[in-house]
Amino acid sequence: MRVALIGQPNCGKSTLFNQVAGYKAETGNFSGTTVTYTESRVRVAGEVIELVDLPGTYTLEGGSPAEEQAARYLDSKSVDVIVNVADSTHLASALELSLELLPLKKPVVLALNMLDEAARLGLRIDGEGLARQLNVPVLPLVASKGRGVKQLFLKSLEAGRKKQTSTRESSCAEARHQLAKELARQYVTQGERHVTWRDRIDDVLLHPVWGYAILLFVLYLFFQTVYGIGKVTEPPLLAFFDLITKAVLTPFGAGNLFSEILLGVLQGIAAGVAIVLPYLLPFLFGLGLLEDIGYLPRVAFLMDTFMHRIGLHGKAIVPFILGYGCNVPAVMSTRTLEEPRDRYLAAALATLVPCAARLAVVFGLVAFYLGPLAAFGLYLFNLIVIALTGRVLSKIMPEDTPGLILEMPTYRVPTLKNVLSKSWFRVREFVVEAWPILIVGSAVLSVLNYLDVAYVFNWLVRPVTWLMGLPSETGVPLIFGIFRKELSLVMLSQALGTINFGSALTKVQMVVYATFVMFYLPCLATLSALKRELGTRAMIAIGALTVVIALASALLVRGIASII
Amino acid sequence: MQSLLNVPNGQQAQLVSVSERLLRKLKQYGLHPGDTLRVLRSAPWGGPLLVEVNGRELALGRSVAENLFVETECELH
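Listed in order, the protein sequences are those of chains E and X. Its first residue numbered 1, the first sequence is counted upward by one per residue in the working numbering. Its first residue numbered 1, the second sequence is counted upward by one per residue in the working numbering.
In isolation and in its complexed conformation, chain E is listed as follows (with noise of 0.2 Å):
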């Protein structure tokens, strides 16, 4: 038997699904997180039966690809049963979705999610009178804690089983719209409504003045904090690496082409290891808590108008905080953004955004030798030159997107529980796309290595380093760098001859090596991830555009740093 979830976005039905498929689907207290859908075979009752969790959807006529995805679906597929979950919170809107599934000759269950919060809001809902009305079985539930889970699906197995379908006829949005109100005017009663501590809360959060003083404070906190664990668990992480891979190597002896691999192979494995574990958990856990308190919608909030002066708005405000941890995440969860224009965009601003890698260039030559301020300096640069970017790039793909329309949920109490599997489950993207290019990226630098042949690249792009008035020797570490962005300071050691890079470098060439790095092609993971989500064209496109932004950024640096 086939079981389809069908509800509203932050209805809760991934919550459910999570519940009996044991956390496959992404939850999150932002409209959109579930654009594809997830499909798990579960037990319920002795009887085997799969479970399919579709997008959250306001309506099947949308027209949006999450719209579209669910009624393909549930038209296509052999669906038995369809579970509407609604948001017993908002029940006026969520039963417009229903009265939309009732036509389709399938049996429905209609599932009353989040009855907790709603009895809280003083909302005493009549199920068995809707039920009667409807002439669908009508269930009260509560995902989040499991109450109501087991009977669910026990009723929906019958109802499966009997095939009885409404004989309610479809009609249009605004028909089912005002029948929708009507019934939650009939039998829901509103009681005592004391929701003030919400509001209580926007009233701070969403302040002009403290509402952005409040938002620095949780990005600093924030980034403080990832970054701190990331310092602290990064080394030890490496050294026991670094024992492996001897313990590895030396049966193999030294110098020869299958030792070289294998050790690239390992490097690979390692760096994946020494990004994820202690930047990326983090960084993804730490947003994963900001979204599931529901403060990310107030974020978008705040900074729609920012995000309006460089072509887009406050939804993609998500893809540049993620940004800073890695592009690859970043890229990926552009698809949150309705229009493709403005996924298009993103994307390649994302791409600009100093990941956790170019970090340790910036800190390792501009922080270390010229100072934090320097850094900080090239950092602000950096925001400029990505706001100037989304300037330009908006006159040539004009905004036609009407703007921002965004449902702001009620504050959550997060589960850890959640947490941890939203964080696994973008970990997971990482840990299956890019590190295996991670890898082979590094196996095939260990044999360029071996064969000698840096100075061919050294020669190669010898046009772009002499412009930028740079030693010939640092074309291997910039273009090794596309493999892997720390590789652009691991290497330029080697390159040089020397750790000492105040020895080899003077400070302009440093300030402007680290300009390039930050802005030009993001590193091969990313690049992937660009093709995946956008395509090749696009990939190609953005990638020219950074190698041009990242050249332009750095003379520019030069000229200024030069008269400085």
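Hints are computed from structural coordinates only; laboratory data are not their basis. Here the structure is a predicted model, which means the values were calculated and not measured. One or more hints might be untrue.
Said to hold, decoys possible - Simulated DEER-style distance windows between Cβ atoms:
{"no.": "1", "chain 1": "X", "residue 1": "17", "chain 2": "E", "residue 2": "544", "range": "40 to 48 Å"}
{"no.": "2", "chain 1": "X", "residue 1": "8", "chain 2": "E", "residue 2": "380", "range": "35 to 43 Å"}
{"no.": "3", "chain 1": "X", "residue 1": "8", "chain 2": "E", "residue 2": "440", "range": "17 to 25 Å"}
Each residue gets a CB set at the ideal place from its N, CA and C atoms; glycine is no exception.
Take the given structure of chain E and dock chain X to it, following the hints.
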């Protein structure tokens, strides 16, 4: 009839007219002509409005709010 942008915070207004294209988008969020909107707050420097519709809160960008034509309570009576 006026733009939602001109409705001060805390006031209610009824959605009367909106372009076909924008309406399609709004319907996805459960907002239809005839619905009563209440402007809760607005972000500074040309930021979005926060409105309450049918018991849920929606953030509407300026460009969206500008194109929502509404009638306030006093106009209706």
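Hints versus structure:
The given range of 40 to 48 Å is respected by residue 17 of chain X and residue 544 of chain E, whose C-beta atoms sit roughly 45 Å from each other. The hinted range of 35 to 43 Å is satisfied by residue 8 of chain X and residue 380 of chain E, whose Cβ atoms lie roughly 37 Å apart. Between residue 8 of chain X and residue 440 of chain E the beta carbons are some 60 Å apart, a value that contradicts the proposed interval 17 to 25 Å.
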